[in-house]
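Peer 1: These are the residues of each chain, in order.
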Amino acid sequence: MIRQLTEFMGREATVAHHFETAEQQKESSFLGMWLFLCQEVLFFGGIFAAYVNYRVMYPEAFIAGSQQLDVFIGAMNTLVLLCSSFTMVYAVWAAQTGFRSKRWHNGAHVAFGLVGTLVFGAAFLGVKVVEYSSKFEHHLVPNLGFIPPVSNIEHPEATEIFFSLYFGMTGLHALHMVVGMAIMLVMLPMAWKGKWNTTNHNFVEGFGLYWHFVDIVWIFIFPFIYLIGNSVGKLT
Amino acid sequence: MAHHIYTDGDDRGAFIKSTLIKPHFFTLLALFVLTIVTYLASLPHLGEPLADLVALAIAVAKVALVVGIFMHVKGSSPLILVTAVSGFFWVLLFFAYLVADVKTRDMVTVFPGW
Chain A
1 MIRQLTEFMG REATVAHHFE TAEQQKESSF LGMWLFLCQE VLFFGGIFAA YVNYRVMYPE
61 AFIAGSQQLD VFIGAMNTLV LLCSSFTMVY AVWAAQTGFR SKRWHNGAHV AFGLVGTLVF
121 GAAFLGVKVV EYSSKFEHHL VPNLGFIPPV SNIEHPEATE IFFSLYFGMT GLHALHMVVG
181 MAIMLVMLPM AWKGKWNTTN HNFVEGFGLY WHFVDIVWIF IFPFIYLIGN SVGKLT
Chain B
1 MAHHIYTDGD DRGAFIKSTL IKPHFFTLLA LFVLTIVTYL ASLPHLGEPL ADLVALAIAV
61 AKVALVVGIF MHVKGSSPLI LVTAVSGFFW VLLFFAYLVA DVKTRDMVTV FPGW
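Protein chains in written order, with the numbering used here: chain A, 1 to 236; chain B, 1 to 114.
Pulled out of the complex, with its shape left as it was, chain B reads as follows (with noise of 0.2 Å):
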């Protein structure tokens, strides 16, 4: 990577450093070393569902990065950020009650007639 940009149609005829790309090489990175860990934290048999809960972790950190980083929702404006963030949310939300329901559905008796 060459160590200065030149800017097309800036009369300042200035030149900037181009370490605006760092952070997002970094940022995969990050990623890549997450991926490496999420494959090595599902090898010694964790069982469910604390593997399931690890593998989440991982993944919902890698998708942050994701998002802040690369989508450029970090630093972005409130109405983007809580756009983006109440997507997510909803569908946590949706999955709670979900997983609350399938993993309770035994302990329900269920009346004759209901």
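So that you can see chain A by itself, here it is in the shape it has in the complex (with noise of 0.2 Å):
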């Protein structure tokens, strides 16, 4: 399974025989890549839609359980995400242009945007962890002893859906920079060997716009669930 895997995510840049050019099958490939993602659009677009549901419904819960939230670490967080797409555009531009310095092969260059990527990634889902452990000091897990972190509300309960959804849309959030890590582990040594280069780059610029699209659903996240919360002074 690796192994094929390995051998289709490195293949080399020859045209398959249902093409005419190399250009349409970087297209089709492109193509293919941006229905995945629409199809992602909508699996996200899901819980965001649970999300405007209960929002509308619950608006002061969902404030008082926004309020609880670190926006500091939430923005901190927002950048190193950002920072992680900016190295992965880095590694794709360096297989597009076959970039190589004095010191390093045009392959280096490559890994090093997938490091910084991974380090990046790894540092987001480092404080997610240190944020998650707070929530079940403060007893803010849904359905493991939940505590409504205010009364003086209307249905000071229904924060726990809050929460709910604080912890579905972040934890899907990070699965998905979990399975990108893995993915990413796999195409390091790949990578430093040279298997992108010039002619032949379109897994690794596939692969770059998933994890920007990961970024793009946080971006949405950020201030739904975290800013949300400033929208109206401290409520008790």
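You may find that some hints are simply not true.
Just so you have them, the derived chain A footprint on chain B, three or more residues with Cβ under 8 Å [claimed, not checked]: (1) 31–39; (2) 42–49; (3) 53–59.
These aren't lab readings, by the way, just hints derived from the structure by calculation. Here a beta-carbon is modelled for each residue, glycine too, at the ideal position from N, C-alpha and C.
Two chains, two frames, some hints: make the complex.
Peer 2: This is the structure we're talking about:
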């Protein structure tokens, strides 16, 4: 399985018999990736729809729930994820242009981009672990001894719905990151060996699209989970 | 960042200016600024729905930068452009109907027996 996967990822840049040109092959590859991302939009769209529905039903509970989150940590994690997107762009760019410095060969630069993305991704997930553990300490985990953090609002018990969605949305997002990071670990040695270069970089570019999509999901999660608590004063 | 790159497998022997990475770097800076702006815009307790609309507008601007520059949709073929834009457009339409539905449920009189 792993061998087949690595063969697929690093296959030579030959034009398959059902394509007329390499350009057509590349376009088909990206079209497929974009269609995959479109269904990912719908996948996350479903949970965002649940969020909209319950937010309209329990606006105060959602604001009170959001006020329990650390906005600074959320903002820092956003910056970390944006940096990981940039290092991914660097890996794709290095493969596309064949960039090499005096000291390092082209494959090393592609690998550096991937390592940077892995490091920033791991930092993001590390912060998430700290955040999740504080929710356990403060009894804010749904179905595990949840205690509403506020009482003087309408439906304080609905803060549990907010935290269900918080864990659901950020958890699914983190799962996508873990999958992406596992794929990157397989890609690393292949990148170092120069599998991806000026004539063969469709896989790195396609993977880059996936990683940027994960970034896009977070761009929406950050304001609607972390920042809505700021829309009014502190609820108690 | 080095000022020049050397191309592998390129027998022209020329090196290309590494300006290609610059737009991506400036995009990263713009995304940083927009993240700080979205945080600052949340501070004055704008209330609902203004706070949501401001946050949504900034998020859409950030996504446009990521999709356009980082994901190279800007300058790609019309087929990819239409696929990418329609993916987000359909979900936008879905949310427009969803919000219209949940926000107006109390206004609708449901007659007994329906």
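Peer 1: Determine for every hint whether it applies to the structure shown.
Peer 2: Verification of the supplied hints:
Coverage of the stretch 31–39 of chain B by chain A holds in this model, with 6 residues showing a Cβ closer than 8 Å to a Cβ of that chain against a need of three. With a threshold of 8 Å between beta carbons, the proposed coverage of the stretch 42–49 of chain B by chain A holds, since 6 of its residues qualify and at least three are required. With 4 residues having a beta carbon nearer than 8 Å to a beta carbon of chain A, the stretch 53–59 of chain B meets the requirement of three or more and the stated coverage holds.
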